[in-house]
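Student: Sequence:
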Amino acid sequence: MLANSLYNIVDTIFIGKGVGTLAIAAIGIVFPIQMIIMSLAQLIGLGAASMISRSLGKKDFDRAGITTGNSFIAITILGIVLSVIILVFMNPILRLFGATENILPYARDYLFVIAFGFLYFPFLVSTNNLIRAEGDAKNSMIILLLATISNIILDPVFIFVFKLGIKGAAYATIIAQFIGFVYAILYYVRKKSSIIIKINHFKLKFTVIKEMISLGFASFIKQVSTSFLIILVNSSLRTFGGDIAIAAYSVVNRIVMFVTMPLFGIVAGVQPMIGYNYGAMQMKRVKESLKVSILSTVIIGLFFAILFLIFPASIIGIFSNDPELISSGIFPLRMIIILFPLIGFQIIGAGFFQAIGKARPSIILSLTRQVLFLLPLILLLSLLWGVNGIWIAFPVADLLAIITTAIFLYKELKKINKLELAYNQA
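Note that our numbering has the sequence shown beginning at 95, numbered continuously upward.
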């Protein structure tokens, strides 16, 4: 996630400096399409990864091979179908996702090129999960870094040297993705994998595909909900704000996504500790881990909030020299970041319930901030206050999500205290 966010940040900077404001808006329109593609790839990849991990744990290497082979076939078919759909229905899709007549030509130029990359990009995303499921974090990271670094190197070459504009950024993207894709293929061809894939493993078994989808569905819902949020914001901005507002959101969204990554990193780090100690009935350690992780996210959130509240123009100016875009981005950046010191608390809360094996509250809390509260608030407040209502919806949704998380955590901690007392008295 960090590698992908870093790429998006750098890509936007090069496009903003080398092409212009409408190009920034265009990649903001195309971005949720890329996220949906990635979500579908993760639907297969994360589900297959879970199955492979358990199969390897049981020493059932044939089952692991069947799962890998079926995931390869499923993700290849998915990539072909998605590429064809996007190429055939490109204009309606882009308009549906919020493109104005001014933004549409730039968005078409960008999407037309990267649509061909969708033939193999889902395979890259999905297979990276499978490699990590084998316990090979090194090669999993190499694939991500190869694609990310290649993209960062190729972007200025295609944009500034070859002067290909937004198409250049798209060419850089699909070439970088292809490099990662080739490495992933070679991982299996050169037998670096602990899974020996045989010809019969590529025979489709719908029970295997069904299990993959079932296991990956919760993660898919979380990821795709973010895509629909961006689509709604862009569509609302088209109505109430116009091209500049869409471009400003494209920049602000990338900034916020990037600085949120450390918070998710803390969640990923603390979840095994909480889960282990919860299982061992070490409730004091569970509460200590929760406390330290929340405090850490508050400190990080406070740092970024102060930085962005004091220097919003300078931060946005990294991405564009357009004074109108910079001016238009200040208010949304401040609104979206104002409660950032407490956002980590909300993210930790969702991760906490996942760590202790309570999926329902985890999913509810994961969806509160960006779906259950934010989507209806954007629709309501935009009708009341126009473009400013869209930006105001973000901190209001954050506040409601934080309060909801606090209620869930308070009730759960009361249960944990009772469990701790009963365990100590036993």
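A hint or two may mislead.
What the hints assert, rightly or not - Taking CB as the label site, the calculated pair distances span:
| no. | residue 1 | residue 2 | range |
| --- | --- | --- | --- |
| 1 | LEU473 | MET351 | 15 to 25 Å |
| 2 | GLY359 | LYS508 | 20 to 30 Å |
| 3 | LYS304 | PHE210 | 25 to 35 Å |
Claimed, not checked - Below, simulated BS3-like cross-link-like pairs (lysine-lysine); rule was C-alpha separation at most 25 Å, straight line:
| no. | residue 1 | residue 2 |
| --- | --- | --- |
| 4 | LYS297 | LYS385 |
| 5 | LYS297 | LYS286 |
| 6 | LYS378 | LYS286 |
| 7 | LYS508 | LYS381 |
Derived from the structure by calculation, the hints contain no laboratory data.
Bear in mind the structure is a predicted one, so any value in this text is a computation, not a measurement.
Here a beta-carbon is modelled for each residue, glycine too, at the ideal position from N, C-alpha and C.
Student: In ascending order, which of the hints set out earlier in this document are inconsistent with the structure?
Tutor: 4, 6
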